[in-house]
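2 protein chains.
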Amino acid sequence: MTYCVGMVLDKGLVMMSDTRTNSGVDNISVFRKMFYWKVPGERIISVMTAGNLATTQAVISQLEERTKAPEDRDNTLLKADTMFQVATEIGKLLRETVKQTQESNGVKGRGRFTASIILAGQIKGMEPRLFLIYPEGNFIEASFDTPFFQIGETKYGRPIILRGYDKTMSFEDAVKLLMVSFDSTLKANLSVGLPLDLLVIERDGFEPTHERRIMHDDHYFQAVSSTWADALRHAFHALPDYSFYAED
Amino acid sequence: MTYCVGMVLDKGLVMMSDTRTNSGVDNISVFRKMFYWKVPGERIISVMTAGNLATTQAVISQLEERTKAPEDRDNTLLKADTMFQVATEIGKLLRETVKQTQESNGVKGRGRFTASIILAGQIKGMEPRLFLIYPEGNFIEASFDTPFFQIGETKYGRPIILRGYDKTMSFEDAVKLLMVSFDSTLKANLSVGLPLDLLVIERDGFEPTHERRIMHDDHYFQAVSSTWADALRHAFHALPDYSFYAED
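The listed protein sequences derive, respectively, from chains Y and D. Residue numbers for the first sequence follow the UniProt record's numbering, so the first one is 1 and each next one is one higher. Residue numbers for the second sequence follow the UniProt record's numbering, so the first one is 1 and each next one is one higher.
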C-alpha cells in the first residue's frame, strides 16, 4: 500500500508520500514514490505514484527515456507546452504500461498491475496545477472545491485534511497538517510506513522550495505524533458533554 | 454501506450504528441495523449488522423464529448458556444464510451476499462480552488490546477512536467519542447516514441503560459536529510549528 497527498495552496504546491511497498506483510521494502524534474526558472514537474511498483517504475523510466543511452535521453515532460499536455503524456504512458502487462498476462478488465499518479507542477506564465491520473490514462484536476488529492490508503488521513485545509494556509501549516494525516494513517495501516518524502514548491519558484526525507528519528514528526494524542484528547474534552437525560 | 461500532468499557457496553442502506447512490433507504433481546435481570444480547441486507434480515428473522407462529417462537439466544454459545449460534445462522443464497445463485468463493455482525451482551454471573462474527461463521472476541470492533465503513472514524478510547471512560464520554467518529465518517462517505441508533448497557444491568435514535435534528449531534471542526483546528494549532530551517 501507499499514502500520497498533493495539495494546492495560494502559495504553491505541497506533496508528501510514504515509501513503503509490500508484497505481503512479510516482504516490505523502501522505494521512492515521489519524483520531480525541473528546468530552473522555467518549470518544475513532480509526480507521486501508488499501485503496482513494476508499473509505476516502468512509467518513470519511460518518462526519463532510460531505454536510451544517457546522452540521447530527452524527457518529453520538459518540452510539453502546458501541464495539461504533461498530464496527457503521463496518462498515455500509464495506460499503455498497464495494458501491456495485463495483456501479456491474460488479465481482463480492471484490477491487476494498475497504478494511479498525482501530478503537480508549474510552467512559467501559467498557474501551479495539480492532477490525479487514473490507470485508464484519463485524469481530473484539482479545483477550488477539491483542492487536494490523495492516492493509496486515503481514508484514515482524510477527515483531518477535510477539517484542517485552508487554501490561504502557510506552507509550514500545510506540512503540519500532512504530518498529522500521515501519522493517523501510519497508526492504522502497517502497509504505509516511514520514511516520508516531502516536497514544497512555491508559486513561480520553479525550484523545490523545501525538500526533505522524514526518517524514523525525525524530531518534528515524533513531536507531532506524540503531541497530537494529547491535543485530540483536549479537543475532545472541549466538546459539549453528552447527557442521558437531556431534553432534545 | 454501513458504520457500526461496539465498545467494551469497564462500566459496560456501548453500541452505535447508522441506518442507511443503499443499492447504488440513487436507491437509499433507512433500515435498523441494531437489535437486542433481553430477559430482564438475567441477560441482554444485542447485535449490529453490516453487509447484504437480505442476508442480515434473514439472520435476524431466523433468530426470532419468525417462520413459526408467534406462540411457537423460541429465541435460542435467550436459552444459550454463555455468550460464546450465542456467538456460535449466530455465526452458524449467518454462514448458512450466506452459503444458501450464494449456492442458489451459483456464486463461488467470497464476496456477494456476505455480512458481518457485532455481538454484545451479558448473561448473569458472567462478564459483558463483545464479538465480531464473520460471514464464514467464525468469530473473534474483544480483548484488553482490542476493546472495540467496527464493521462497514470503518476507516474514516477509526483514528479518533484509537486516540480517544479509554476503558475507564464514562458512558457519556464514550457516546461523545462515537458521535465524533460517526460525524467524521458521515462527512466522508455518503453511504453512511443519519439517523443513528445508540444503545448503552451497564454491567450487570441486563436492561438497556440508555437507548436513543439520533435524528437529523438532534441538537447534541449537531453541536458535536459543528464544535468539532473548531476543536480540531484549535488542537492543530496547539501542535509545534514546522520550520523549513530547523536542525534535526
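Incorrect hints may have been included.
Copies of one chain are not kept apart here, so a pair can be met inside one copy or by any two copies together.
Under the rule of at most 25 Å between Cα atoms (straight-line distance), these lysine to any residue pairs were calculated in the SDA-like manner [said to hold, decoys possible]:
(1) Lys-187 x Ser-225
(2) Lys-92 x His-234
(3) Lys-187 x His-234
(4) Lys-167 x Leu-63
Note that these hints are calculated values from the structure, not bench results.
Here is how each hint holds up against the structure:
no.	hint	result
1	Lys-187 x Ser-225	both (10 Å within a copy, 24 Å between copies)
2	Lys-92 x His-234	neither (48 Å within a copy, 44 Å between copies)
3	Lys-187 x His-234	both (19 Å within a copy, 22 Å between copies)
4	Lys-167 x Leu-63	neither (31 Å within a copy, 53 Å between copies)
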